[in-house]
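> Chains A and B supply the protein sequences, listed in that same order. In terms of my numbering, the first sequence opens at residue 1 and continues consecutively. In terms of my numbering, the second sequence opens at residue 1 and continues consecutively.
Treat the hints with care, as some may be off.
[To be verified] Interface residues of chain B toward chain A, partial, derived using beta-carbon atoms under 8 Å:
hint, residue
1, Asp141
2, Leu146
3, Gly147
Just so you know, these hints were derived from the structure itself, not from any lab. In this text, all values refer to a predicted model and were calculated from it rather than measured experimentally. Don't be surprised by glycine CBs; every beta carbon is placed ideally from N, CA and C.
If you want the building blocks of each chain, they are given just below.
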Amino acid sequence: MSALLPLRLAEVSFHAGGRVILDRVDAEIAAGPRSVILGANGAGKSVLMRICHGLLAPTSGAVQWSEAELPRRPRRQAMVFQRPVMLRRSALANVVYALKAAQVPRAERRAHAVAALAHVGLGHLAEHPARVLSGGEQQRLALARAWALKPEVLFLDEPTANLDPSATKEVEGIIAAIHAAGTKVVMTTHNLGQARRIADEILFLHQGRLAERAPVERFFSQPGSAEAAAFIKGELPWT
Amino acid sequence: MPPLRGGSPLNSIAEALASALGLITTWDPRLVEIVALSLKVSLSAVLFATLLALPLGAAVAVARFPGRHGVIVVLNALMGLPPVVVGLVVYVLLSRAGPFGEWGLLFTPPAMVIAQTILILPIIAALARQAVEDAWIEYQDQLRSLGVSGIAAALTLLWDIRYSLLTAILAGLGRASAEVGAVMIVGGNIDGVTRVMTTSIALETSKGDLPLALGLGIVLILLVLLLNAAAFLVKEAAQRKYG
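Given the sequences, and given the hints that come with them, work out the whole structure.
Now the structure itself:
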């Protein structure tokens, strides 16, 4: 099987209600390094990620995977949202549901799901109804659900924005493990500390434009754009 | 309505109420028969209407097609269908000269089921449409991310909000068991054959047999209360369990 990556974005723009959310973004996202899309609220991070994942169509421009996903075939990319959406069934059944959607044979689903829950430390809560779990547990469950699918690319949209520090730490640990297992991680955040901890490379969005792209050390030590420098300076005291 | 016989009106009403309770507590065969037929007709109508309305409501909620807004407006408007008009239309269709006259269904319980099904289908479908659409707004990104769309998505949503749909189904049952116009026209209110609670109440009241009318009225209200209480408890329990 050839690979989905690299993903090429060519002149991707998105307009909504007369406002420009994304303005001609050009980027290539390759396999390997953890890419973090950094930017202030309203910079267009979530929209860019949704366009990459195929949940939104760009107003203009092209989104091209190295090999296109086929309709009616299992998806080869997954996404974890800021607020996890769980079905009214057990934690385990939520993972099994995703495996069924991914056309995993029935006999294998349960074992995969159990393993995924164990990976995120939720094995003991497998039979609990998913929607009554805490916010941090639900987000770990969302990660387990995505991980069980063994995606080539995992998109994470501000996965810790609603979590307390200890839950954030657990989620970041799981993201590191998913990366170590060979899945390409693409994440959005507005949190500089988190970007430093997770990123290999930074894509800095400012008012809908890709203002800068750099390896993480260089981005923080020698930002190449005035916008990035201001963002780092403005944000640092609070992180 | 003929005046009540003998004594002051208040006494007569008290007497009627007492004999009504007597009919209920002694399981008066006439009353039991009427209640049983009512339940059979209305529950059958709810069953058929639900089977048709839930997929219809979910499809309108999830699918995007030209004229969708028109369909939603019509569906919502049909919630207020006047029962007598539904009864009239079904009467025309099932009458000897009508297109389905040869089935010989007019003035039988099946005709009443058909009429009530038509009456409550839009109610259940419109309420289900709203509930599924609200859920779709919450779930759609996640489901599309997982590659779930179309019929599979609609079924997932229906199952996930199954306890909320109880309310829609109950609204249909309430309408079916309370309406009198449609069953009166297509059933004909024939004693022992098509006489249900509402048509009996109308008839007995005009005949002046208040005990039976009141007794049936009390049973009708109790049944509706009971069903709603049960549905409420089920929904509460589910909410606590599944969130």
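> Against the structure shown, which of the earlier numbered hints fail to hold, in ascending order?
none
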